[in-house]
Amino acid sequence: MNRRKFLQLLGITGGAATAVSMGARKAVAASGARVEPDRNAVGVLHDSTLCIGCRRCEAACARVNNLPPPKDLGDAAVFDAKRRPEVDAYTVVNRYDRNAGKPIFRKMQCNHCLEPACASACFVRAFKKTPEGPVVYDPSLCVGCRYCMIACPFTIPAYDYHKVLNPLVHKCTLCAPRLAEGKLPGCVEICPTGALVFGKRTELLDLARERIRKTPGLYEDHIYGETEVGGTSWLYLSPVPHAELGQPELDTTSIPELTSGALGAVPMVAALWPVLLTGAYAISKRRDRIAAEEEAAAVAKAVSEAESKAAEELKKALAKAAKEKESALAKAAQEKDAAVAKALAEAEAKAAKTAATEAAAHEPDGKGER
Amino acid sequence: MQYPSVIRETLDSARNQAALWRSRLPSFKELLLSIPRTPANIVTAAILAMGALLTLLRFTLGIGGISNLDNVNPWGIWIGFDLLCGVALAAGGYTTSAACYLFGLKRYHGAVRPAITTAFLGYLFVVVALHYDVGQPWRLVYPIFVSQGTTSVLFEVGLCVFIYLCVLLVEWTPASLEWLGLKTIRSFVVKLTLPLTILGVILSTMHQSSLGALFLTSPGKLHPLWYSSFLPVFFFVSSMFAGMSMVLFEGGLAHRFLHHKMDEAHLHSSREIALGFAKASSFVMAGYLCMRLFDLAMNNNWAYLGTGYGLLYLVELLGFVALPMLLYAFGVREKRFGLIRAASLMAVLGIVLNRLNVCLIAFNWQLPADERYFPSIMEIGLSVFIVTMIITAYRIFAHFLPMLHEHPEYKDAH
Ligand code: SF4
Ligand code: SF4
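Going down the list, the sequences are from chains A and B.
Just so it is clear: in the first sequence, position 322 is 322 by my numbering, and no numbers are missing.
Just so it is clear: in the second sequence, position 302 is 302 by my numbering, and no numbers are missing.
Only chain A is shown next, with the shape it has when bound in the complex:
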């Protein structure tokens, strides 16, 4: 083997190895297993101790997304009911009253999960997690099955139920188009109190930890979104347990991970069943064949038995018939002899009688001639 050939071979095997490992990585990604978060991915921190519920973020969001401006701005009655993101409002602020102390306001929108349930659930890949952070939606693909809405652990996506021709899923985009232009998200830009901070997620985590550390007693010692469902780009600080702000208590396991096991079993099923079923078929075939053979053998035996029995009987019958014939012949012969003898005797007797009569007629007594 010359050097060039050796190198070529190496190249081929190396290429194959890369292909295999790439395939493996793709499979891991496809099965939804954890992917390395981008160190530079951005996010937003919402600090509810600073939020005053002015709802300017709602107005700014509507403006940058060309949605109808929120009604009743500045009317506190809006907070009497809990609201959620809708097709024409990608973010809402809700008020949570406490027994003691000021009410708390919490902003609500898509959390831009690190491993988004919506993206893994969508069967046409309409949702995509971009390396920069936002989870974006391609309206040209969406079929409207609404599985993303079932899957989203925060129940964020909203659907155009009243549209006939082009109903779509709507949710916060983290202002991906504005980020691309180097601008801040609309809500962050407008926030007058600094309750919203935009930045790299890693830095936001540091900032949040620092706030918790520096002002002991002000915050719950928990950054909501740090680990929930594998982490989200939006992070939250709160003076009370987050569950009291309507934020669901979630496991650290990401949602895609929950379904990856089931999806991973697919190749197994596809590989195992044909083998097992063909086996079952072969066994049943064999069983059929054996049964058929046994049946054939049994039939043959029965037939031969029946035949020999029939032959015997025939023989017996023939013998019996022969005997009967013989005895019948003998009897007939006897009867014939007897009949002949009788006939002879009768004939003789008759002859004797006739002779006697004739003799009497020839008696020379003359009486008869007179």
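Calculated from the structure, these hints are not laboratory results.
In this text, a Cβ means the ideal position worked out from N, Cα and C, and glycines have one as well.
Please note that the accuracy of each hint is not assured.
Derived, one-sided and incomplete: chain B residues facing chain A with beta-carbon distance under 10 angstroms [claimed, not checked]: (1) Leu61; (2) Gly65; (3) Leu69; (4) Leu105; (5) Lys106; (6) Gln148; (7) Ser152; (8) Leu214; (9) Phe215; (10) Ile361; (11) Phe363; (12) Trp365.
Output of the computed footprint for chain A on chain B, the stretches with three or more beta carbons under 8 angstroms from beta carbons of chain A [what the hints assert, rightly or not]: (13) 70 to 83; (14) 204 to 210.
Starting from the structure of chain A, add chain B with the ligands where the hints point.
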């Protein structure tokens, strides 16, 4: 295969059929008018008319115009009943053909055709129902042909259902090919039986279990008594006895109403089949029951049994799984066919209850009552419409096609 002859035969036959139909066509109106005006037929006609109206409303007002679906309850009975129950109850197709062709239970032969027909109709109308439920039904082919979301459980469901529908169509064609008199193609299709049956079992295993896996995404929304990492296994195992019970139940109905369409062979084998399927069902149900209880113990969910949801759970498991299981076993031992039939109805209802529990009743259980979903009257009407279409199609098939009897010219093993 000799293609020319196939093509010639097909063309000839098509031409003959066309001529035949043309000669019959003028009387089509009379055919419609000749349908006996029995109460059942009148009700059917009324429901179909209502369905046409609902269809019009759905496609002019949008989903929101006729349903109670909203952003927290994105799936309603069109998914919970039409899709989940429809697919589970159509499982008779793969269970029966596997029993007959793969496990060598030849005596089940008479059940294969009705079961395949039901399965075919079931899946067909599942797809029809989906056209009402998704927002943009004209994009329903996207997951297969345009953009494949391979990380999605729903993608797997969609792909498997699509391929399986094709498989069922091919498996089902011998009946219609006999009717049309296409012998060469028919005998070719009959030769495909074994691979198609195996493919059918694979696809069914995948999508029956995946329907359960759909809800794996929602540990926070689905009640702990129903949420389990074994959901896919539960859905698959229950689909087996769902399918068999449906075959038994439907067999009972067909006996009652379509007796005159059955030949001796069919009538004779149906008793055998009833005993065999009832026995198999009771075994599978016992296994299923054990798994569910094991899961309950493993997740230590005993405390929930004392709640309202616990009661629902017990009704589902004891009333609609354990009870029909016992009835089946008893019915088989005593050869009481009425009992078996009653058990099959209960098992079918139990499957419906289970699917509705997972998808709707125990889903979003933590939400306040006013945010919970209850179907609108028009949603229910549409589901009734779909079921009626299935039954009507079945009756039409049973009327025209050699389904409950063998075609006189094709007595070979199909
Ligand atoms: S919050 Fe919901 S919609 Fe937003 S990225 Fe996460 S899963 Fe998707
Ligand atoms: S509704 Fe649209 S975006 Fe959501 S999962 Fe379905 S196809 Fe994907």
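Hints, verified against the model:
1. Satisfaction of the interface hint for Leu61(B) is found here, the shortest Cβ-Cβ separation to chain A being roughly 7 angstroms, below the 10 angstroms cut-off.
2. Look at Gly65(B): its Cβ gets to within about 7 angstroms of chain A, closer than 10 angstroms, so that hint holds up.
3. Interface hint at Leu69(B): satisfied, since its Cβ lies 6 angstroms from the closest Cβ of chain A, which is below the 10 angstroms cut-off.
4. For Leu105(B), the suggested interface contact is upheld, since its CB lies about 8 angstroms from the closest CB of chain A, less than 10 angstroms.
5. For the restraint placing Lys106(B) at the interface with chain A, the shortest Cβ-Cβ distance is roughly 8 angstroms, inside the 10 angstroms limit, so the hint holds.
6. Because the smallest distance between the Cβ of Gln148(B) and any Cβ of chain A comes to about 7 angstroms, under 10 angstroms, the interface hint for this residue holds.
7. For the restraint placing Ser152(B) at the interface with chain A, the shortest Cβ-Cβ distance is roughly 4 angstroms, inside the 10 angstroms limit, so the hint holds.
8. Interface hint status for Leu214(B): upheld, as the beta-carbon distance to the closest one in chain A is roughly 7 angstroms, under 10 angstroms.
9. Contact between Phe215(B) and chain A, as hinted, is supported at the beta carbon level, the nearest pair being about 8 angstroms apart and thus within 10 angstroms.
10. For Ile361(B), the suggested interface contact is broken, since its CB lies about 15 angstroms from the closest CB of chain A, more than 10 angstroms.
11. Look at Phe363(B): its Cβ gets to within about 8 angstroms of chain A, closer than 10 angstroms, so that hint holds up.
12. Residue-level restraint check for Trp365(B) is violated (minimum Cβ-Cβ distance to chain A is 13 angstroms; threshold 10 angstroms).
13. Coverage of the region 70 to 83 of chain B by chain A holds [criterion: at least 3 residues with CB-CB distance below 8 angstroms; count 5].
14. Three residues within the 8 angstroms Cβ limit are the bar, and the region 204 to 210 of chain B against chain A gives 4, so the coverage statement holds.
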